[in-house]
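Chains as they are written, first to last, in UniProt numbering: chain A, 1 to 222; chain B, 1 to 1041.
FYI, nobody ran anything at the bench for these hints, they're computed from the structure. Cβ coordinates follow ideal geometry from the N, Cα and C atoms, glycine included. Incorrect hints may have been included.
Incomplete in silico selection of chain A near chain B, CB under 10 Å [unchecked claim]:
id : residue
1  : Asp69
2  : Ala72
3  : Gln80
4  : Asp84
5  : Thr92
6  : Ile96
7  : Ala116
8  : Arg124
9  : Leu125
10 : Leu129
11 : Gly131
12 : Leu143
13 : Arg155
14 : Ala158
15 : Arg211
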Amino acid sequence: MILSVRGLHRTFGAGPAAVHALRDITFDIEPGTMVALVGRSGSGKTTLLNVIGGLDRPDAGTVHIDGNDVTALDEDGLSQLRRDTVSYIFQTFGLIPVLSAAENVGAPLRLVRTPAADREKRVRLLLDLVGLSDHAEQRPGELSGGQQQRVAIARALAASPRLLIADEPTGQLDAETGRSVMALLRGVVESEGVTALVSTHDPVMMALADRVIRISDGQIVA
Amino acid sequence: MIALLGRRARAQWPVLAALLAVVTLGATLLGVCALLVTRSASLALGVAAAQAEPDRTTVTAYTANIDGKDAAAVTDATRAVLTSAITPFGATTAARASSVTRELPGRTDDARTYLSGVEDLPEKAALVTGRWPRAAGHPARAETVLLESTAKLLGLRVGSRVRLAAKPPDSPAPAVLLTVVGIARPLPGAGWDRDPLDGAGYEADHNDGDSMLTFPAYGPFLVALPDLLDGGSSLSRMEIAAYPDLSHATPATLNTLVANVLDADPRLTGTVGERAQFTRIASGLTGTLIAARHQQDVTEAAVLAVALLGTVLTAAALALAGRLTAGLRAGETALLSALGTSRAQLAVTAVLEAGLIALAAVALGVPLSSLLHAGLSHLAPMSGAGLATAPQVSGGQVLAVAAGALALTVILTLMAIRSEAAPGERGRRELLARSGADLLLVVFAGLGWWQLHARSATPDLLQTLAPALLLTAGAALALRLVPPALRVADRLARRADGLPLPLAAFEAARRPQAAAAGLLICLAAATGTFGIALDATWNRSQHDQADLAVGTDLTVTLATPPTPGQGGAIAAATGAGVVSPASKQGLAIGQWLGAGDPPQLVTTDTTHAAQLLRGRLPDGDDWAGVTRGLAPAAPAGGSPVPVGGTFVLAGRATGSVPLTVAPKLLLQDPSGLRTLCTAAPITLDGTRHRIAGCAPADGMRLVAVALPVEYDPYDLVAPGQSKIAVTLVAPGPVGDITGWTTLSAEPMAGQIAFPAARAAGNRLRLTGTVQVGASEGGALTLVTMAFPAPEVVPAVVSRRLADGLGVHVGSPLEVAVGTTAVPIKIAGIVPDVPAAPGAAAVLVDLDTLSRVLTARGDLEYPVDSWWVGEPTRTDLEGLHLGTVLTRAGETARLTAGPLNAGLPAVLLLLVPAAVLLLLAGVLLHVTHDLRDRAGEVARLRGIGMTGREIRTTLLAQHAFVLLPLLAAGALVGALGTLTVAPLLVRAETGAPPIPAVTPAWPWGAELLLLALLVAGCTLAVGVVAGVQARRAGAAQIRVVS
């Protein structure tokens, strides 16, 4: 298993106003698969992804990625996890505005101190992969939403992660662009051999996924 | 709108509090400056007047030739006029009067004397024996005190009685029987120069002004003033001095006083009428106050310049705060516009909010400025200057605070209502506008600098604005240097590995708002560093001015000629290592065509120049080096003379013409002071004559003897020769005189042939052959002296004198010291001679000058003061020698005097204000910047950056911007110090100081300030970055998503 989630609980607030975002979530994901996490807004999808990615901590339960207990890691361990093993793709792309597309893609490589020559080679490869070789020097503000998300995908792949977490990656895109981004994601899962956990409302995405996990009121329903 | 303002104020109270704080700070600064130039200045004028030397504020009425029957009435009337002139101030008065002269009884030489009444006699003379006279109340009898010299010469003692006969009726003086009840010694500096005999007690050929006749005069017989006034004796002179008590003076009362004093002169003339032939009221008060007002104007201009600098800085801070606030409200403004709110309505809201902030700032600024001003006044230098006050409110202060607050909030309003344009269009437009503004600033700054450079006597608006303009223009131009520097960092970062630092460089170089606080930071750093340097420059200049004006560590300007042993007494009283007689006097130079005051001659002992001479010299020079070679190679020897020793002189001359000599003995005491001992002319007929009183102190030596030979031209039948031989019997062995020089003095050097001196035992024999009748005019003087006769006097001259005469080192000069021509050779040129700032002046060694003068038969020793080097004590009042001036005292007067204290005081305020505004600006900017980028920062976590790396990135990003800005600000401050600070410092008169101002850059204080700013900025950025890094997590991502 690349990902093993056991008995996750996460509650925001306390007392009568407490919101139980996750309730006893348990599932496993095989390596090299693309899993769609489906649910309505407020169902707990983002909370689950944040806990899995180590951006949030559960009240109870465990998350194991590639055999490592994420919930037991300290802040530095979590950062290391996000550098080496897990990559994020945000709904709002999360690109750094002052960096060009190439520099955004190279950012994770800089974090692991990849030599400049290797970094540039990898960046070119990834921009080729997402079809943005001609836009390498453009900054996010000069790119369309779809192009920004492609850059985000390239950046997510830069450090060759084992697990790709994407939180509604097409949420800010029109349907056609969203579909092309989904197709790209599907393609990189296959070509790069990574595992992807993607939260989405998009039926197309669900169709492209190897498996669909449905979540409602913080619980897995299917 | 009101409801919107209320709700927004509740929601954005920290922002409004920040805006209010900045406006209040600026308004408070203006309020303090207003109090400094109004209340403190007013108080300073009074304090300065109260602290002025009494002779600068004393009002003195002089009357002369008063008939005896009118004496008391004229005195009363004069006193009444004076007292009313000094209203509204209280005053003490002291009268001094002298009668006409009358014959001394029992004399055949027409000797005369006079009576004097001195109201505060115990303050002006020291009783040697007996007691002070009491009023007898009877016109024919009076008690009297005599000066020691008079008593000695007249052979009177306590208990003696003298009957003065009545004078003829044209100048009535009834007979009076005087009983001597005391003997006194006049105190120096006590006004005895206005005694008919200058307090000497005797004058051989006095003229009382009534006729051309001269006669021996003795006196005064000091009687109680009422006895003199009521005794019926006519008065030759009468003066009443009024000493106003100015301790509570204000400018208004001082103006009244000056007007009254100016009006008093004609009133006195009118009141006294024909009862006195001469009336005059004189006072240095007007001049003192005019000088004080000049000085006050100078200080006021500097304070206003600093206040404007503070205001510009506050405006920059407010512009930043306003821009950040507008950015914060951009969404709200867009929403309101979308909902149909017109631009006019938005403007009204902005004006209303700004008005409320201004009102609150005024409400806070008035009491705060009062408290701050009171606090400042209790700190040095104001407290030391006697300007400490309780908190107070003035109209000018309220006006300044209100005007400042309103002006500053106008900036807020403009920032709030300025039109939003498309980014590209706005960028181009702003670039153009900013370039134009920069250019305009530079032009105005240049004009201001030129005005300052021209140094008009009265500072104008442009001069006052100049420092603020120059620093603002400098900061604006320096900002242009920051982006290229950041672009270099950007290029370096692209090639670097790692993310935190390269990302920080990218953020700093590429984010347009990264340097939004640039102008404020640069200007504040410039202002802070400039403020510290201006304070140091001003202080250094005051020290330099004091050093040069005094010329040494301590001077005693003598009220009476120096006496042997005085130097030893001064050395003992001051604990000084070096005490030297000195002088400063006018000098006649034939070639001098320079403008202004005549050249000055400064003389002192240059063998101790390092310890004695003060005044800034060009780098690499010192006074010991500059004056090397001015002093003789070896000190004068001479024959020791025991204290109280008496000389006996006798001589003979051959030939038919009777010759006389007027012997002059020059003696030197251990301090180097030479005193001249003279005797009445002696006929060279073999008769022995005693010369007593030449050695009143221990350790004296005879260093020269001059024998001016005279004869009566009526005795001369035909020119011829006369051999003279004069023997001086000293009170001790004369010793070896092989090193002595004997000559016939210039300019009649050839008129005494074969001059020679020989010593044997205690006898010194001088011989020569006088060419009697060979020439007309000029003294024939035989001189022997215990040192070689220098050909010329080497001198160091001031640059002004050298330029005025077109001379250079090595040039000869012919000058007249007194009436003696002295050849001078220029050994060096200095910017200014000590004690003669700005003057065309000549500095020579006193010993050398004395030797040259002696060789020319002029044994007068030109000394009018004592110079003291490195004293440990300065209290010389007990010696009653004259006016004491210390370098430290003059420095304190210039740096901490009431009229000067305003500038250092306001600088005390400016530097902390600059630091506060800078740190506040940085905090505001960083807070807004990081809040705007909260999501971006959170996503950095998402790509795997640790909290520490995020903090490093944020800190480095701001460091990349702040450090160059601080450095640029410091550079602008340094350039401002070089170009403006020297021009802002003025002398008391408003003229450029002498010596010229040298910019001071106190590295320690400047580095401390920069370290403080860096530490403050690091703390501010660190705290905000730390909070932001901690917050960067799931919740933040959720919010931005």
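Each hint, compared with the structure:
Taken as an interface hint, A/Asp69 does not check out: its beta carbon lies about 18 Å from the nearest beta carbon of chain B, beyond 10 Å. With 10 Å as the threshold, the beta carbon of A/Ala72 stays out of range of chain B, its nearest partner Cβ sitting at about 17 Å, so the hint is violated. Among the interface hints, the one on A/Gln80 holds; its C-beta lies about 7 Å from the nearest C-beta in chain B, closer than the 10 Å criterion. Taking 10 Å as the C-beta contact cut-off toward chain B, the hint placing A/Asp84 at the interface holds, the least distance being around 8 Å.
A least Cβ separation of about 5 Å between A/Thr92 and chain B falls short of the 10 Å threshold, and the interface hint therefore holds. Contact between A/Ile96 and chain B, as hinted, is supported at the beta carbon level, the nearest pair being about 6 Å apart and thus within 10 Å. For the restraint placing A/Ala116 at the interface with chain B, the shortest Cβ-Cβ distance is roughly 6 Å, inside the 10 Å limit, so the hint holds. Because the smallest distance between the Cβ of A/Arg124 and any Cβ of chain B comes to about 15 Å, over 10 Å, the interface hint for this residue is violated.
With its C-beta approaching chain B no nearer than about 18 Å, A/Leu125 sits outside the 10 Å limit, and its interface hint is violated. The interface hint given for A/Leu129 is broken, as the beta carbon of that residue sits about 18 Å from the closest beta carbon of chain B, more than 10 Å. For A/Gly131, the interface hint is violated, since its Cβ never comes within 10 Å of a Cβ in chain B; the closest pair sits about 22 Å apart. A hinted interface residue such as A/Leu143 counts as satisfied when its beta carbon comes closer than 10 Å to some beta carbon of chain B; here the least separation is about 16 Å, so the hint is violated.
Checking A/Arg155 against chain B: minimum C-beta separation of about 7 Å stays under 10 Å; hint holds. Interface restraint check: A/Ala158 against chain B, minimum CB-CB distance 9 Å, threshold 10 Å, status holds. Because the beta carbon of A/Arg211 sits about 24 Å from the nearest beta carbon in chain B, more than 10 Å, this interface hint is broken.
Hints 1, 2, 8, 9, 10, 11, 12, 15 from the earlier list are contradicted by this structure; the remaining hints agree with it.
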